Amino acid sequence: MANPTPVAPEGRPRGNLAQRLYAAFDSPGRRRALHLVLLAILIVTPWLSSQYVTVILTNALLYVVLCLGLNVVVGYAGLLDLGYAAFFAVGAYTIGILTQQFGFNFWAAIPFALLAAALAGVIIGGPTLRLRSDYLAIVTLGFGEIVRFTARNLEITGGASGLSHIPEPSLFGWYIDSSIDFYYVFAALAVLAYIASQRLFDSRLGRAWLYVRHDEDAAEAMGINRVAVKLAAYVIGAIFGAVGGIFFSVNLGAISPESFSFQQSVLILMAVVLGGMGKIPGVILGAFIVVLGPELLREFDTLRLLIFAVLLLLIMLFRPSGIWPEKRS
Amino acid sequence: MTWYDSLLQQLADGLVLGSFYALVALGYTMVFGVIKLLNFAHGDLYMTGAFAGFGGLSLVSGVLGAGWLGIFVAMLLAMLAVGCLGVVIERIAYHPMLAAPRLSILITALAVSLVLQNAALSLTGGQYTAFRTDLGFGGLSLGNLFISYNQIVLVATAAVLMIALELFVSKTLYGRAMRAVAIDKDMCRMLGINVSAVIAITFFIGSGLAAAAGTMAGAYYGSIWYFMGFLIGLKAFTAAVIGGIGSITGAMLGGLILGLLESFGTHIPFIGSEWKDVFTFAILILVLVFKPTGLLGKSEVERM
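Chains as they are written, first to last, in UniProt numbering: chain V, 1 to 329; chain X, 1 to 304.
Because the hints were derived from the structure by calculation, they are not lab data. Here the structure is a predicted model, which is why all the values come from computation and not from measurement. Among these hints, one or two may not hold up.
Residues from chain V shown here face chain X by an in silico Cβ test under 8 Å; the list is partial [said to hold, decoys possible]: (1) Ser27; (2) Pro28; (3) Leu131; (4) Ile323.
Stretches of chain V that chain X covers, calculated by requiring three or more beta carbons in the stretch to come under 8 Å of a beta carbon on chain X [what the hints assert, rightly or not]: (5) 177–191; (6) 264–277; (7) 303–312.
Below, a sample of chain V positions facing chain X; criterion: calculated Cβ distance under 10 Å [said to hold, decoys possible]: (8) Ala137; (9) Ile138; (10) Asp202; (11) Ser203; (12) Gly206; (13) Arg207; (14) Leu210; (15) Met316.
All residues carry an ideal CB built from backbone N, CA and C; glycine is no exception.
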């Protein structure tokens, strides 16, 4: 009788701690349990922490949304975008201008902001996606700077000082204004972004991105329209960024061009790269690291940015796929 | 001031700006030629060069003074120091990554740029540093046109450096090796060319030229700070692309064209000086989209 095909040994999984931990949660039931526990932690945290911590965590959740958005572009589609803050700016400024200068209701302005960001994605992506990756990187950087300079030079965007007194949104007569309110808003957005990222990853489009990232020519030979799928990555990434920007603007109540500088784009990219491009939990981890890290290193003052830069360099040299890399065969 | 005076004045200002762009663009284009890497840290080497020149000047000014001679020696010191820094960066950060995916090496270059920038930020506390010289403000007056001696010396120095580079690349053994490596690395290895030495020399020269531009810019504008390399890095890249990336003559040409375009562009109605940078980036994007090989670049069928 022929030998039966070897079965994976039951009981003790092999591998190092991370792999074992990973294997322990590798069943739908346990994974759901883990999700519920994390969700519970997310809900309970602001009640247990000071206002300072809540504000920092809110910022971290904003970065989760932005990083998951950039991850679609960089991690999934493999396009280096150095001007991601531009989409963040488009979302924030559209809301600021419409609500403050045209008297729009916040919720009514959201579709316009999303539309503007998607349009920006098409405008930036359309002519550039045929370029080599390093040209693409520099063109996105150029676009990012153009958006910032434009915001600084136009009157409608409030010039260098930006827009202030952006009204806080209300929902059925209840104003979203305290720091805990905004914590929950961003927590909900982060959860939504997480679910959307996961669904995109598993979708037909997600697989198309994977093929394009690994071998464009082969992907095209298989009938994938590479320009269309790359453009889709841009537009989806832009919408994530705009969502972040929309709620960022009402959270702070004021925006200025300097919130959307090249450094902002780099910080978001850094989070994605540190965590692990294409890996959702890794990217979330990265977002928390770039927001909480500087807070923890506060006593080092200006050195903390240097520490971060060196860390990024070391990660690229010794662990180029990030702290929590993607494994997909 | 008549219109042609104003035109000549813009021409003079554009040449000065263009010299800076050209010197920095050369580094981009040379590095791109040999290892096909867009060195994001190049603008920051220009910044480091400005600080090295500042340090060099404070070393030598006691003996040589802070005039032309002192600045010239300081510039040579800065070129040497930053040239070596460029080689070290190539060895530590880029060399191990040459076989890695394009995305990884680009991010590594970005990380190097951030390290240089933040190191300068930590050292200076983000403040502007005054670059004091004894150069004075003398110059030639031709009617309403005024060209300072500083501008003349600056453009002349840049021209000498570029001619020296052109001679090096076209006439010497190492220059020939550099051109060969740009065409086919593997073949060069088989023919016994020490490819990593050629790459190191390329980084040394490119970084040295950036440092020369940095020192001159510091002396010319009178102040330096940690973020000064960012915008000029982008613009020099634009210049390299206009000229055709990989082409040395193209980088010089592109730098001058961009300098002149910017100088004249700010005087076109509706494009005021506050739109100057937008104007530059728009040129960059248009060139990349419609003529990615630039003016003098060779067309290359490559998709990444």
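Hint-by-hint comparison with the structure:
1. Ser27: violated, 33 Å
2. Pro28: violated, 33 Å
3. Leu131: Holds, about 6 Å.
4. Ile323: violated, 14 Å
5. 177–191: Coverage by chain X is violated here, the residue count being 0 at a Cβ distance below 8 Å.
6. 264–277: holds (count 4)
7. 303–312: holds (count 7)
8. Ala137: holds, 6 Å
9. Ile138: holds, 6 Å
10. Asp202: At 23 Å from the nearest chain X Cβ, Asp202 of chain V fails the 10 Å test, so the hint is violated.
11. Ser203: violated, 22 Å
12. Gly206: violated, 18 Å
13. Arg207: Violated: closest Cβ of chain X sits about 19 Å from Arg207 of chain V, beyond 10 Å.
14. Leu210: violated, 14 Å
15. Met316: holds, 4 Å
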